[in-house]
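K.L.:
Here's the letter readout for the chains.
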Amino acid sequence: MVETSKIDVSIEHKHPPEPPAKKHPNTCPTCGSHYRDDELDAALRVCSQCGHHFPVKARRRIEQLVDAGSFVEEAAELRSADPLAFFDLKPYKERLAEAEVATGLGDAMVIGAAAIEELPCRLAVMDFSFMGGSMGSVTGEKFARACESATAAGVPLVSISASGGARMQEGILALMQLPKTVCAVEELHESGCALISVMAHPTTGGLLASFASLGDVLLAEPGALMSFAGPRVVAQTTREKLPDDFGLAESNLRFGHVDAIVPRPELRPTLARLLRLFGAV
Amino acid sequence: MANDAEIRLRDRLSKLGGLDLLRGARLSGELERLKRQIDRIEAEPTDEEIWTKVELARHEDRPYTLDYVERLFDDWFELHGDRGRADDLALVTGIGKLDGRTVALIGHQKGRDLKERTKRNFGMAYPEGYRKAMRVMELADRHGFPLATLVDTPGAYPGVAAEQHGQGGAIARSQAVMARLGVPTVACIIGEGGSGGAVAIALADTVLMQENAIYSVISPEGCAAILWRDAGERQKAAAAFKPDAAHCLELGVIDGIVPEPLGGAHESPDEAARLLGAALADAFDELDNIPQGELRARRRQKFRSMGVLA
Numbered sequence: 001m002v003e004t005s006k007i008d009v010s011i012e013h014k015h016p017p018e019p020p021a022k023k024h025p026n027t028c029p030t031c032g033s034h035y036r037d038d039e040l041d042a043a044l045r046v047c048s049q050c051g052h053h054f055p056v057k058a059r060r061r062i063e064q065l066v067d068a069g070s071f072v073e074e075a076a077e078l079r080s081a082d083p084l085a086f087f088d089l090k091p092y093k094e095r096l097a098e099a100e101v102a103t104g105l106g107d108a109m110v111i112g113a114a115a116i117e118e119l120p121c122r123l124a125v126m127d128f129s130f131m132g133g134s135m136g137s138v139t140g141e142k143f144a145r146a147c148e149s150a151t152a153a154g155v156p157l158v159s160i161s162a163s164g165g166a167r168m169q170e171g172i173l174a175l176m177q178l179p180k181t182v183c184a185v186e187e188l189h190e191s192g193c194a195l196i197s198v199m200a201h202p203t204t205g206g207l208l209a210s211f212a213s214l215g216d217v218l219l220a221e222p223g224a225l226m227s228f229a230g231p232r233v234v235a236q237t238t239r240e241k242l243p244d245d246f247g248l249a250e251s252n253l254r255f256g257h258v259d260a261i262v263p264r265p266e267l268r269p270t271l272a273r274l275l276r277l278f279g280a281v
Numbered sequence: 001m002a003n004d005a006e007i008r009l010r011d012r013l014s015k016l017g018g019l020d021l022l023r024g025a026r027l028s029g030e031l032e033r034l035k036r037q038i039d040r041i042e043a044e045p046t047d048e049e050i051w052t053k054v055e056l057a058r059h060e061d062r063p064y065t066l067d068y069v070e071r072l073f074d075d076w077f078e079l080h081g082d083r084g085r086a087d088d089l090a091l092v093t094g095i096g097k098l099d100g101r102t103v104a105l106i107g108h109q110k111g112r113d114l115k116e117r118t119k120r121n122f123g124m125a126y127p128e129g130y131r132k133a134m135r136v137m138e139l140a141d142r143h144g145f146p147l148a149t150l151v152d153t154p155g156a157y158p159g160v161a162a163e164q165h166g167q168g169g170a171i172a173r174s175q176a177v178m179a180r181l182g183v184p185t186v187a188c189i190i191g192e193g194g195s196g197g198a199v200a201i202a203l204a205d206t207v208l209m210q211e212n213a214i215y216s217v218i219s220p221e222g223c224a225a226i227l228w229r230d231a232g233e234r235q236k237a238a239a240a241f242k243p244d245a246a247h248c249l250e251l252g253v254i255d256g257i258v259p260e261p262l263g264g265a266h267e268s269p270d271e272a273a274r275l276l277g278a279a280l281a282d283a284f285d286e287l288d289n290i291p292q293g294e295l296r297a298r299r300r301q302k303f304r305s306m307g308v309l310a
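Those protein sequences? They're chains A and B, same order as listed. Oh and the first sequence: position 15 is 15 in our numbering, straight run, nothing missing. Oh and the second sequence: position 153 is 153 in our numbering, straight run, nothing missing.
Treat each hint with caution, since some may be false.
[To be verified] According to the in silico footprint, chain A covers these stretches of chain B (three or more CB under 8 Å from chain A): (1) 161 to 175; (2) 241 to 249; (3) 278 to 287.
[What the hints assert, rightly or not] Simulated restraints, written as ranges between beta carbons of each label pair: (4) A:GLU266 - B:LEU309: 32 to 38 Å; (5) B:GLU60 - A:SER33: 42 to 48 Å; (6) A:GLY279 - B:ARG71: 53 to 59 Å.
I should point out that these hints are in silico values taken from the structure, not numbers from a laboratory. Since this is a predicted model, take the numbers as computed values, not measurements. Every residue, glycine too, gets a C-beta built ideally from N, C-alpha and C.
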């Protein structure tokens, strides 16, 4: 006979009640207001109530920034190999294929030639929805080619990063994309061309520790996380209480690591102004 | 996968073998080195051997930067401070005589006992450490001193102050300074080559790795925690991303492997230092007569070409 008068409270603690009914899918994570997809897109994916910046996919970002019809993609054919035959819970090849199907992109970066307010430039735009925007061999290669393309044309390069860092599935070769992109920026700078680096949410790890930090001008989107180590890692390693604005663009501005925080509606005119200032070589 | 690297090495080997032995000793040294590397590639480490290397790379008796400095450098003078804010003791910098010429050295330093480990922050540098490193790189460049770096860090320190002081930017700029140097640079991974904190001082003309060192994009524990959602799966993670020297050589990430005494560098620090010293001397000899501009261009080209595309 099972003893029913006693209740084992420990079990309740192990299995907390299910969270209350699911939120509406179109709920702003910052202010909780609801939005319609078409309205959010029309507002450049910025919450009309509180200004929260939602992630923007690479192609949509390019549409938002450049003169209509001016973008010509480069190196779109590049695809990752699987040099380590990497297998975690799933083979890396399968993850790549899934990411390509889900995003319609060959990798986490799209590069090409474009014009912003009729000023020619090269673009390197990252897409967080492709494996967390992680940087593997193809990402590094595309960035290096964007640098070379800008050098050849004598125009500035605008990079827009949104990435968790290096792609673990490519092991040490992913780490080597840091020095690779750094060398590419050095060559770009020596040719006299400018790099304007825009950091969207998130720009962390290997991205912040390579080309994203090496722009002549560093811009950030409001609320973007920009930290070398993520908040969870820092909290776990140091057991420190993290400040509320840990690693955010606003904190980075205060500590002198970025030149400006630019709300998305102002990004296109701001880039145009910088392109006019740096000019073509 | 082994084949590309092997073919490349065999090709170099046959070219060397075919040359007249004008510079007899040097050339036969090179032959031996290449032969040893081929032997290593042929004996690709198993998953268990990879884990053994992770443990050896972290062995608490493994020689650290200052153990090698003491054995290899004469007239060693340590340089302290980033000239801005602090002196980061997780990164040691200085100048000294190596084989009779002045060489600048930058290396991570872990601690031997708890007190020293705390002082050295377990070899995990703050941005101040990388700024000190940059200052010494520029000093070396100014005076034409070759630069040696010894890499041994679990990673750059992940802390609130480190972020506020610009950890990511410091690592990026440290690499950029190395990409600009006009002097010969040789890096050697002597223990743990942990991610950004390691590569910050490893953008060198020649990158070497000790036999039992590891070089990786993330720690096995970190990788396991993220991809397996369980830090306990670290052995699986290490086996998957292959941080050992043989695999790094095969992937074209490093230029050579420095042998260690039998059982690992900790078994005989003197012998380990002798072998490291010989490898550094060889590497600098090879770089000696290359003009500045070419050296820089070659270095950038080498890193530019890293990665594997489909």
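K.L.:
Does each hint hold? Answer for all of them.
P.N.:
A quick look at each hint next to the structure:
1. Given as covered by chain A, the region 161 to 175 of chain B passes the check, having 12 residues with a CB less than 8 Å from a CB of that chain where 3 are the minimum.
2. Residues of the region 241 to 249 of chain B with a Cβ under 8 Å from some Cβ of chain A number 5, which satisfies the need for three, so the listed coverage holds.
3. For the region 278 to 287 of chain B, the stated coverage by chain A is not satisfied: 0 residues place a CB nearer than 8 Å to a CB of that chain, which falls below the threshold of 3.
4. Checking the proposed 32 to 38 Å range against GLU266 of chain A and LEU309 of chain B shows it holds: the Cβ atoms sit about 37 Å from each other.
5. Checked against the hint of 42 to 48 Å, the pair GLU60 of chain B and SER33 of chain A fails, with Cβ atoms roughly 55 Å apart.
6. Under the hint 53 to 59 Å, the C-beta atoms of GLY279 of chain A and ARG71 of chain B, about 55 Å apart, fit the expected range.
Hint check: violations occur at hints 3, 5; the rest are consistent with the structure.
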